[in-house]
Structures are given as C-alpha cells and as structure tokens.
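Generate the whole structure from the sequences, applying the supplied hints.
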Amino acid sequence: MARITVTVNGKSHTSDVEDRTLLVHYLREQLNLTGTHIGCDTSQCGACVVVVDGNSVKSCTTLAARCDHASVTTIEGLAQDGNLHPLQEGFWECHGLQCGFCTPGMIMSAYDLLQQNPNPSDDEVRHGLEGNLCRCTGYHNIVRAVQYAAAKMRGEEVSAPNV
Amino acid sequence: MIPAAFQYVKANSVAEALVLLQQHGEDAKLVAGGHSLIPAMKLRLSQPSVLIDIAGMADLKGIAVNGAELTIGAGETYHAIATSATVKNACGVVAACVGQIGDIQVRNCGTIGGALAHSDPAADLTAVFLALGGKVTAQSANGSRQIAADDLFVSMLTTALDSGEILAKVTVPVLQKGQGAAYAKLKHPASRYAIVGVAAMVTISNGVVTAARVAVTGAGPQAVRQASCEKTLVGSNGDAAAVKAAAAKAGDDMDYLGDIHASEEYRRAMVQVYAARALNEALAQARA
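Taken in order, these protein sequences are the chains called A and B. For reference, each letter of the first sequence is one residue, going 1 to 163 in the numbering used here. For reference, each letter of the second sequence is one residue, going 1 to 288 in the numbering used here.
Hints are computed from structural coordinates only; laboratory data are not their basis. Since the model is a prediction, treat every value here as computed from it, not as a measurement. Certain hints may be false.
[Stated by the list, open to error] Chain A side only, calculated, beta carbon under 7 Å to chain B, not exhaustive: (1) Lys11; (2) Ser12; (3) His13; (4) Ser15; (5) Asp19; (6) Arg20; (7) Gly39; (8) Asp41; (9) Ser43; (10) Gln44; (11) Asp53; (12) Val57; (13) Thr61.
[To be verified] Partial pick of chain B residues on the chain A-facing surface, computed with a CB cut under 10 Å: (14) Ile104; (15) Arg107; (16) Asp253.
Backbone N, C-alpha and C fix where the C-beta goes; we use that ideal spot for every residue, glycine too.
This is how it looks when you write it as structure tokens:
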C-alpha cells in the first residue's frame, strides 16, 4: 500500500492506495469522480484523459502512486459556481456529442490544448485531439465546440453555429 | 484491467535507482513514461514484483550540444524533445520523429530512453537512432559504458543493456552541411505505432552520396539496418533512378512479422515505398 496526498480539482485528499492502483480507478472508485471514463483501457481512446500538473495524461495508464503530491484536474473540476466551463458550453451549444462517453476525455484534452494554444486552427484542434476517439459524432462538431470555447476564452463574442 | 500486484518504489536519483536495482535483482523493472510497460503489465505479459519509478528525475534530464554531438537525457519526454529548439536545430529528424509518436498524452509521458531501452518492434525512435548512428550511455554500479546504436537492438523487446544498467543518455550526431536525415512511416490509425517506418541519413559531397544509413522499424522483430539499400545508394548521385534502385533493395535482408494490421507481404512492399520517401527527403535536406 502507498499513502498518497493528491490535490484533485483544488481539494486535497490523503488516501491509501494499492501500489498497482491506476489513477482512473482511484478517481472513480475511491473519490467517486465517475466523470472520467474507462473506454479502451489500452491508452488509445482517450476517454480517461485528465490533467496532471498541467499536462493531459491517460489515467488508465498512470499509477496513482506516482501522483503523490500532484495536482489533478478532472471534468468535474471545470465548472465553477454552477456555471459550465466554456468547453462544456461549447460541446452543449455545438452538438459536440451524441452518446457522450468520449466527452469528458475530449474536453480535458481540449482544455490542455487551449492552455498551450489559445487560438488554434481547425487543423491544430484535430491534431490536439488525436488521442481521443469518438464513435458517433464524427469530430466536425467537436472541432466546432472547441473553437467556440477558444473564442469565448479569448473574450470574443460567440454564438452557436448552425449545425 | 489492473496489473498483478507489485511494490512501487520512487527513485530520486540514478544512484538511488541503481541501489534499488541491485537490491531487487531480476524481479525489478524500471518505469519511466510507463506507456509500454503498464499496458504490458495489465495484460500480464510482464509481471515485475518491484517497479522502480525513474520518471521526472533531474539526473536523467538535459538537452545539450557539445561540438558535433547532441546529447539528450534519457528521461526527457517526447513532448519536451519535439518542442526543443536545440534539438530542432541540431538534428531535426529527432524532433520530427518524436513529435508524431502516439498523441499528446503519450508524448507528455513517454521518454527517449524508455523507447530505446524497450525496443518495441513498432517503435519509431529505434529506426531513427540506428540511421543516425547514435550511441547510448548506460550506467551501472560498476560505472558507465557506451553502446553504439548498431549493437543496441538485439531482438524483439531485447537490447544489449544488462538488467543492472540504466540507460542514462542518448547521443546523436549534429547534422552538418551536406547531411540530411528523415523518417517516413505508415502509421496505425488508432495507436499511431509504425506499421512500417523507415529512417535514412545521407551525406552528399560534390554531388555524390558518400555515406548512407537506412533502418527499418515496424516490419520485423526489431529495428534493423538495411545494408544492401545503403550500398546501392553510396557512390550514386542520389537522383530519382538511384533512389529507386536503393529503395528496391530496402527490406532485402531482414525478418518480417505479419499481424492483424498488415501481412508480411504488405509490410515488405511498404518498406520499399517508405524507404524511397525517407531517402528523398533526406537527400533534399542534404542538398539544401
């Protein structure tokens, strides 16, 4: 067992975990943060993406023990005071999801992308999301949703496109 | 999927990791990015009883040019290398290669030392490292030694590193005027592993190709040099006919592996196609 102290969405947690516990299981089963999904479980689909110390990672391939003293942001950490984060609003407004299974990971990857590049081209958005697979929307609206959020985060006027 | 039980130990320096390796012997494994090892452990293909975490260790960081050599700490991540101006200027093919590995989440974790020490049959860096004729520095309790690229990859998932050694540094040449290097790959659309990848480095002097190193990954058990292809190109003027003749020899002397993604025959055909692409790009750079 390992005792870890992790800041998750701004709140500090001290927990005992098995050495083999993966970050995604720690978040879902010990902290009950089930917004982070397990999709392929082979670090390809990106449903489990969270941000650790400023970098997006696949939590199905990250040991919880390694995250001792780290700061983790999950999908649950984005909305503030009941207001959706611009990315969440963008996915809502632009119909960026159908079943929604991939959405938390998509949003966390997009969150990392927009931290590094606040004004990405469509091509850069697609490259930034290459670690996330969606089986239903076909990506066009996901790109629109990220661009909606990017514009809003830059302080520009935004409106939902006709989709 | 959850790995079989193991003991996790964090090492804070190479010296500490070496002591831990000695203590735990063959049952221990080093983990850096973990994106090859942890999936293998989840599938029970690998079941170390102790994992020694060497990620983020300051001893294994650093990117520097010393004369004609570029040295990269084994613990530098793909993302750090892909975005390093020093690497782009000194040996752009390394930055370009690691910049297209997997996806940003993989590149945030994966390390250059991990890729070379793991010798995955479908890794990208192994071929680039071979084509560049680089070397690695391995540290052990007995000191350190250098291993040339040509001697590093022994067989599938097996390198010349001993179980008590840590791959500490990776050194590649700084490309000079008249030299060019490129990597071309056919990638798997989801994992982005190389179904076939070919790396080439060429030197041109007075319009004649004076040296060539070509290596293939993805198609066989481990990355491997292409002697006939290299021999055919050297001495030529590197024009379209010369590239065609050399590419036709690529893949001549190697073992192939087929799987659900591509058959042996398809890989054999693609080695020639991607060899031509890599050679053309390397030659164009050498002439520039």
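**OP:** Identify every previously stated hint that the structure contradicts and give their numbers, smallest first.
**Re:** Going through the list in order, the structure violates hints 1, 2, 3, 4, 7, 11, 16 and respects the others.
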